[in-house]
Amino acid sequence: DGGITQSPKYLFRKEGQNVTLSCEQNLNHDAMYWYRQDPGQGLRLIYYSQIVNDFQKGDIAEGYSVSREKKESFPLTVTSAQKNPTAFYLCASSPGGLKTDTQYFGPGTRLTVL
Amino acid sequence: EDKVVQSPLSLVVHEGDTVTLNCSYEVTNFRSLLWYKQEKKAPTFLFMLTSSGIEKKSGRLSSILDKKELFSILNITATQTGDSAVYLCAVSHSGSARQLTFGSGTQLTVLP
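Quick note, the sequences are listed as chains A and B, same order. Here the first sequence stands for residues 3 to 116, where the numbers follow my numbering. Here the second sequence stands for residues 1379 to 1490, where the numbers follow my numbering.
Just chain A, same shape as in the assembly (with noise of 0.2 Å):
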């Protein structure tokens, strides 16, 4: 089936360690991107990549990073740096150049900071 698939569904992490959330897409899409969702609030966009090798900030990058080494694969690493991890975490992928503003989404993974 296509579609797009992350892990894990839910991961607990101690203050101090960072954790890496994964996202595939066999839909052959050229652009991925990150999203946090808190309770009561709308998508925050963390970081997007459009092809290969590439990507840039989104709104909120400070404490995250990301690779886009291969097309249907877009790791994001959460670091210690980040002061307030825990929160949903979305994974979306679009066809992107000029060919369509609609974004598909991942399942999701709920990370937790105990």
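Among the hints, erroneous ones may be present.
Listed below are the simulated DSS-like cross-link pairs for lysine-lysine, each with C-alpha atoms no more than 25 Å apart in a straight line [to be verified]: (1) Lys-16/A / Lys-1419/B; (2) Lys-11/A / Lys-1419/B; (3) Lys-59/A / Lys-1381/B; (4) Lys-11/A / Lys-1418/B; (5) Lys-1419/B / Lys-85/A; (6) Lys-11/A / Lys-1415/B.
Restraint ranges, calculated between C-beta atoms of paired labels, are given here [stated by the list, open to error]: (7) Leu-1489/B / Ser-24/A: 33 to 43 Å; (8) Phe-14/A / Thr-1398/B: 34 to 44 Å; (9) Gly-1431/B / Thr-114/A: 40 to 50 Å.
Bear in mind the hints are in silico, worked out from the structure with no lab data behind them. Remember, it's a predicted structure, so these values are computed and weren't measured experimentally. By construction, the Cβ of each residue, glycine as well, lies at the ideal position given by its N, Cα and C atoms.
Given the coordinates of chain A, assemble chain B onto it according to the supplied hints.
Frame of chain A; chain B shown alone:
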């Protein structure tokens, strides 16, 4: 700064009611407005609107965009308990990355 405001923040109705959700925006170089439905996990795409006055319709859901007044509405007729979700509005602006700016959502609860 781009801004998307949704109202109401939450809404409780009974099955069979009709609801109207609102989304207003202030975005530089507007390109399109999108509606998503989020039930606990991944937002699922509903509509994308780019032109004023053209209604997009899918079953009991419909949406229309007013580019002059900078808002959109999402209508749901004959609501069902399965319509209970957070409805998100997002706006994209012209540029290379097709970034979306999201509103905070409307929590819709449909009671039996």
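Next item on the list: Could you tell me which of the hints above the structure violates, numbers in ascending order?
Entry: none
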